[in-house]
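K.L.:
Please model the entire structure based on the sequences and the hints provided.
There are 4 protein chains.
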Amino acid sequence: MTPHMSDAERFQRLKRFFNNRDRLCKCLGIEVTDIGHGTATTRMVIEDKHMNGADVVQGGAIFTLADLAFGAACNSHGTLALGVNMSIAYTKPGVSGSLTAHARETAAAGPLSTYVVEVKDDSGETIATFQGTAYRKRDKIDLSAWG
Amino acid sequence: MTPHMSDAERFQRLKRFFNNRDRLCKCLGIEVTDIGHGTATTRMVIEDKHMNGADVVQGGAIFTLADLAFGAACNSHGTLALGVNMSIAYTKPGVSGSLTAHARETAAAGPLSTYVVEVKDDSGETIATFQGTAYRKRDKIDLSAWG
Amino acid sequence: MTPHMSDAERFQRLKRFFNNRDRLCKCLGIEVTDIGHGTATTRMVIEDKHMNGADVVQGGAIFTLADLAFGAACNSHGTLALGVNMSIAYTKPGVSGSLTAHARETAAAGPLSTYVVEVKDDSGETIATFQGTAYRKRDKIDLSAWG
Amino acid sequence: MTPHMSDAERFQRLKRFFNNRDRLCKCLGIEVTDIGHGTATTRMVIEDKHMNGADVVQGGAIFTLADLAFGAACNSHGTLALGVNMSIAYTKPGVSGSLTAHARETAAAGPLSTYVVEVKDDSGETIATFQGTAYRKRDKIDLSAWG
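Protein chains in written order, with my numbering: chain R, 1 to 147; chain E, 1 to 147; chain U, 1 to 147; chain Y, 1 to 147.
Rather than coming from a laboratory, the hints here were simulated on the basis of the structure. Just so you know, not all the hints are guaranteed correct.
Since copy identity is lost for identical chains, a pair holds within one copy or between any two.
Claimed, not checked - Below are the PhoX-like pairs computed for lysine-lysine, each with C-alpha atoms no more than 20 Å apart in a straight line:
1) 137 x 92
2) 49 x 26
3) 15 x 26
4) 120 x 92
5) 140 x 15
6) 15 x 49
P.N.:
In structure tokens form, the structure reads like this:
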């Protein structure tokens, strides 16, 4: 049984869970750096393995970075949420340095919740805007192993 | 020829243009109430003609309200922008009173720009989150008739 | 109580239900013309009231046409389905004549189902491609009044 | 200068280009298996590195698989196309075996083209439906190195 824990403790454990158990993100060097109430931030240092044929960051790497921020944000309330639908618009290529994604909850009434994620490069310019919808189940997330 | 005009004057004329020339929005009672730099607000008082078979506001009316805010925001810079792609997530039904949509630019580097629009009811709860991408042409919008 | 009815009878009643009860579609002259298993077709004759400021069909009218096809297709199985998320890409302006939208189910395993809708003009060219996701409830749709 | 080449030759070279130069896809074991006129197929054998914290294939891996099919299809005409906007709906988790994505062009009039991609597992069931919009430039793709 998971004893009662503070929000701060839950955010810490959730971060450990994502950073240890999401193998795609480990493979790609994508990390959750922060989780709050309905918010999360992720980060990726651009490497050669993220590049596409045109020598800019492949859209799939940017999507995965945004998707992890969305996943961490929609699970921040302590109950399980599953991604249903995502949309992404690319406005600037990612070239070098690091990329940061920040997710913010725009709605969470009823079984569905929606998030907007902005992905920025080191100059602070938005390279992609992502929108994600999650379906919220009633199951609690078991974080007992991540204390 | 359109003489040089202030931003405030351009926003006023653009608002008049949309509220007079967008016949779908006139038909549906949707109005632009405010335009700024990369932002816009629209409003619709819910009427019977907006309802679907389940007696809540039809998704198409909510989309049109959000789309007009997007269209006004992406044309706020004075050059023509065309909507390319939109995505909308519904989280709460619209039932009565009025709905308000607010568009905010998240990126505008290069030929593409992206906007997030949140649609809220009178209680301030988000009923839909919309994301739109526009293609920006170099043509100036002719607002000489709307002074 | 609704007695057992054939699929053909259910499709007929569902069509009557949409064409009589969806007031937004009635207001805009959008009609369901056909419903099958996970498919539906809708039609709209372009009128002045559908136009935007650039004198082409407003995106919201095209969205509503596609959305009605999606709504009819995802409710074709006899149990209630609610639209969760939609995405639309515009590729050609709608100018005159009529527009037709055809929805096709791409997935329907578990509580979520997904549909692709193509909107074409009279020349058979695609003017918009729409994707919709629905959440399927267990409730039966009551069609007893539409025989 | 690239001498004139047949469509079949161009499709072969394009496939080689993607499978050698897209480093993200190489890292994830995602391959283009087929390219035609406005169509493409990609494949990925599920491995531990694709998994998320819930032990199913991470959404980002499925997105990347679909996105590569989209990228190959929208570049199949020989001129450069850039992905602008994508939307993905997940309907069934990916668990084991392989996943295949097939892209089909739904519209390609003017500078924008739109594609629908269906991702299926070995049982033939759709696990995700993807929609992508590309902006088509006039530049020819240089495939001289890939003969």
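K.L.:
Work down the list of hints and note, for each, if the structure agrees.
P.N.:
Now for the hints, and whether the structure bears them out:
Taking identical chains as interchangeable, the C-alpha atoms of residue 137 and residue 92 lie at most 20 Å apart only when they sit on different chains, with a minimum of 16 Å there against 35 Å within one chain. For the homomeric pair residue 49 and residue 26, the shortest alpha-carbon distances inside one copy (13 Å) and between copies (8 Å) are both at most 20 Å. Taking the closest pair of Cα atoms, residue 15 and residue 26 come within 20 Å of each other only inside a single copy of the chain (13 Å); across copies the shortest separation is 28 Å, beyond that limit. Proximity of residue 120 to residue 92 under the C-alpha cut-off of 20 Å is restricted to the intra-copy arrangement: shortest distance 9 Å within a copy versus 30 Å between copies.
Taking the shortest Cα distances, residue 140 and residue 15 sit within 20 Å of each other inside one copy (16 Å), while across copies they are farther apart (42 Å). In this assembly of identical chains, the alpha carbons of residue 15 and residue 49 lie at most 20 Å apart only when taken from different copies (19 Å versus 24 Å within one copy).
Comparing the model with each numbered hint stated earlier shows that all of them hold.
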